[in-house]
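Participant: Sequence:
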Amino acid sequence: MALYAGIDVGTSGGRCLIVDERGRRAGYGEHPWRYTPDESGFPTLEPATAINALRAAVTDALKTCDPGELRAAGVTSQRTGVVFLDADGRELYVGPNTDGRGAQEGIAQEKAHGDLIYRVAGRLPAMIYFPARLAWFRANHPDVEPAVALSFGDWIVARATGVWATDPTQAAEMLVYDVALGRWSPDLLGALSVPETILPSLRAAGEPSGVAEEGNPLGLPAGLGVFCAGADTQCAALGLGVVESGSAFVVAGTTMIAQQLLGDYALDPKGRTWTSPHLVVDVLSQESHCGEAGSALVWLSGLVKETPSSLVTESDLSEAGAGGVRFYDAYPSTARDFALVRSGGFEFPVPVLALGRSRGDLARGLLEGIAFGARAELDVLEEINGAPSEIAVAGGVARARAFREALAGSSQRPLRVATETASSALGAAIVAAAPDHGGVRAAAHGMADKGAEIDPVEAHGYPALYASWRARADELDQKAMKMGGLLR
Numbered sequence: 409m410a411l412y413a414g415i416d417v418g419t420s421g422g423r424c425l426i427v428d429e430r431g432r433r434a435g436y437g438e439h440p441w442r443y444t445p446d447e448s449g450f451p452t453l454e455p456a457t458a459i460n461a462l463r464a465a466v467t468d469a470l471k472t473c474d475p476g477e478l479r480a481a482g483v484t485s486q487r488t489g490v491v492f493l494d495a496d497g498r499e500l501y502v503g504p505n506t507d508g509r510g511a512q513e514g515i516a517q518e519k520a521h522g523d524l525i526y527r528v529a530g531r532l533p534a535m536i537y538f539p540a541r542l543a544w545f546r547a548n549h550p551d552v553e554p555a556v557a558l559s560f561g562d563w564i565v566a567r568a569t570g571v572w573a574t575d576p577t578q579a580a581e582m583l584v585y586d587v588a589l590g591r592w593s594p595d596l597l598g599a600l601s602v603p604e605t606i607l608p609s610l611r612a613a614g615e616p617s618g619v620a621e622e623g624n625p626l627g628l629p630a631g632l633g634v635f636c637a638g639a640d641t642q643c644a645a646l647g648l649g650v651v652e653s654g655s656a657f658v659v660a661g662t663t664m665i666a667q668q669l670l671g672d673y674a675l676d677p678k679g680r681t682w683t684s685p686h687l688v689v690d691v692l693s694q695e696s697h698c699g700e701a702g703s704a705l706v707w708l709s710g711l712v713k714e715t716p717s718s719l720v721t722e723s724d725l726s727e728a729g730a731g732g733v734r735f736y737d738a739y740p741s742t743a744r745d746f747a748l749v750r751s752g753g754f755e756f757p758v759p760v761l762a763l764g765r766s767r768g769d770l771a772r773g774l775l776e777g778i779a780f781g782a783r784a785e786l787d788v789l790e791e792i793n794g795a796p797s798e799i800a801v802a803g804g805v806a807r808a809r810a811f812r813e814a815l816a817g818s819s820q821r822p823l824r825v826a827t828e829t830a831s832s833a834l835g836a837a838i839v840a841a842a843p844d845h846g847g848v849r850a851a852a853h854g855m856a857d858k859g860a861e862i863d864p865v866e867a868h869g870y871p872a873l874y875a876s877w878r879a880r881a882d883e884l885d886q887k888a889m890k891m892g893g894l895l896r
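One rule links them: number in our numbering = place in the sequence shown (from 1) + 408.
If you are wondering where the hints come from, they were derived from the structure by calculation, not from laboratory data.
Note that beta-carbon positions come from the ideal geometry of N, C-alpha and C, so glycine has one too.
Wrong hints could be hidden among the right ones.
Listed below are the simulated EDC-like cross-link pairs for lysine to aspartate or glutamate, each with C-alpha atoms no more than 20 Å apart in a straight line [what the hints assert, rightly or not]:
(1) 858 x 798
(2) 471 x 438
(3) 678 x 798
(4) 858 x 652
(5) 713 x 724
Each pair of labels, with its calculated beta carbon distance range [said to hold, decoys possible]:
(6) 853 x 552: 42 to 48 Å
(7) 715 x 506: 20 to 26 Å
(8) 448 x 623: 31 to 37 Å
(9) 548 x 673: 34 to 40 Å
(10) 475 x 846: 21 to 27 Å
(11) 615 x 858: 22 to 28 Å
(12) 791 x 546: 36 to 42 Å
(13) 710 x 552: 34 to 40 Å
Whole structure, please, built from the sequences with the hints as guidance.
Facilitator: Structure (C-alpha cells):
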C-alpha cells in the first residue's frame, strides 16, 4: 500500500497526516507550540520548538503505519510567515503571520508603490509581507544581510532536504511574485528593494523539491521525496477537492477566508480581494478576507471559563436566531484599506431581568455571526465573479452545527463540509501524491475528502436574520472606516 504524508506548519502547532492512495487516514500526529517575544518585543518561533514539535507529530503519525510504505511527503504552512537564513542555512529570523514588526516600513512601501503591488502581486497591505519585514531587519540589523528568505513550509522542506525552493502559492505570499505571469517580478523586486538572489527557486505544484537527507531533523526516511506543497488555504481547498473554476470555498479556522476559483487572472476594481495561484495550474483563486472566526470562540470560552467544545455543545441547545443575540466581528475587509481596528460586539434584548439570554444563546449568536460574516464574504465574490457552482467549507469552526446551519440557511443552498479535520495536511499529501496519479488535479479527484452535504432549513428563517445582521454590520463598518480616516 502506498502512503503519503502531509505536514502542516500551522499557526498554533505542527501536524502530520498520513493517508493511503485513496486519501484514507492511516496515521496522525499533532503538537502545539507557542511564540516568544524577541528583544524587539515582536513574536518569533524558536527553530528548536518548531522542529521538535514537527518531529513529534511525524513520529506519532508513523506509529500506525509502515514507514517502508511511505512514498512521499508534502509540506504546507501558514501564509505570510517568513524565515531569514544566512549563507550556511542558520536561522536569523523566524517570524510568524502574527508578526507586525514591518508595519511602518510596509506603510511607506504601500504609499510609494501600492498600485503596482496590487496590480502585479494581487494583494495588499504591504505591512504584513516579507519585503516590509526585510526592510525592518535591515534597519535594525545593518551589519547582517539575509542570504535567503523562505515561507515556514519551505523552510521545513529545506531543513529536511537542504534545498531552497518554493511553489507558486507561497511565492505569491512573498509580494514580489507576478501572479499573472507566474514568475518573480523585476518591477516589484526593484521597487521593494528585494534582490532576486534572496529568493528560493520556483517549483511547479506537484514537482518534488528534493529528497530527505540521512538524519534529517523531522525523522523522515532518508531518500523520501519531499514537496513544497504550498499555502495552507489552497491546500485545504485541495483537500476538499475544490479544483474547478467557479467553486467557492470557506476556511473557518482561527481566522476566516472565502475563495472562488477563476480561470484567468482578475482583480477587484474596488480592491476588496486578493488573487492568488492555486495548486492546480489552470485555475487561480480570488479571496475575500473576513478577520476572526475561531479566535472569537476561544475568546468567549475564556471569558466564561469553558472549553470551546463545551460552548459549541451548548449552542446546539439554542434555537436559530439565538434568542435575539447577535455578534459582530467577522466582516469582509478590503485589501487596500484593511481596517485593522473595527467596532463590534454583542447585541441582545433588554431588559435582562426579563429577557436575559443564556450562555448557549451567546455561543450560538457568536457562531451565527461568524457564519453571516462568511456569507458576506461570499457576497463579495459573487458580485465580482457570479454565483459559485458549489460552496465547500472546512476549518475547526465548520464543525459547529450552529455555524453550518446559519451559513447554509443564509446562503439558501447546500454546503459541502469537510469530514477530514486536517484539510490542509490532506492537501499537502495530495500534492506529494501527484506524480503517482498523473498530476495534482487527478490526485485530488482520487484522494480528496468528499465531505458531507448540509442542506438549508427554511424554518430557521436565516435569510431574514442575515439581512438584519448585515444592515447593522455595514453600519458598524462605516463608522470604523471613518474613525480610521479611510472614508471621507
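Participant: Against this structure, judge whether each hint is valid.
Facilitator: Checked hints:
no.: 1; hint: 858 x 798; result: 13 Å, holds
no.: 2; hint: 471 x 438; result: 13 Å, holds
no.: 3; hint: 678 x 798; result: 24 Å, violated
no.: 4; hint: 858 x 652; result: 14 Å, holds
no.: 5; hint: 713 x 724; result: 18 Å, holds
no.: 6; hint: 853 x 552: 42 to 48 Å; result: 47 Å, holds
no.: 7; hint: 715 x 506: 20 to 26 Å; result: 23 Å, holds
no.: 8; hint: 448 x 623: 31 to 37 Å; result: 34 Å, holds
no.: 9; hint: 548 x 673: 34 to 40 Å; result: 36 Å, holds
no.: 10; hint: 475 x 846: 21 to 27 Å; result: 25 Å, holds
no.: 11; hint: 615 x 858: 22 to 28 Å; result: 27 Å, holds
no.: 12; hint: 791 x 546: 36 to 42 Å; result: 41 Å, holds
no.: 13; hint: 710 x 552: 34 to 40 Å; result: 39 Å, holds
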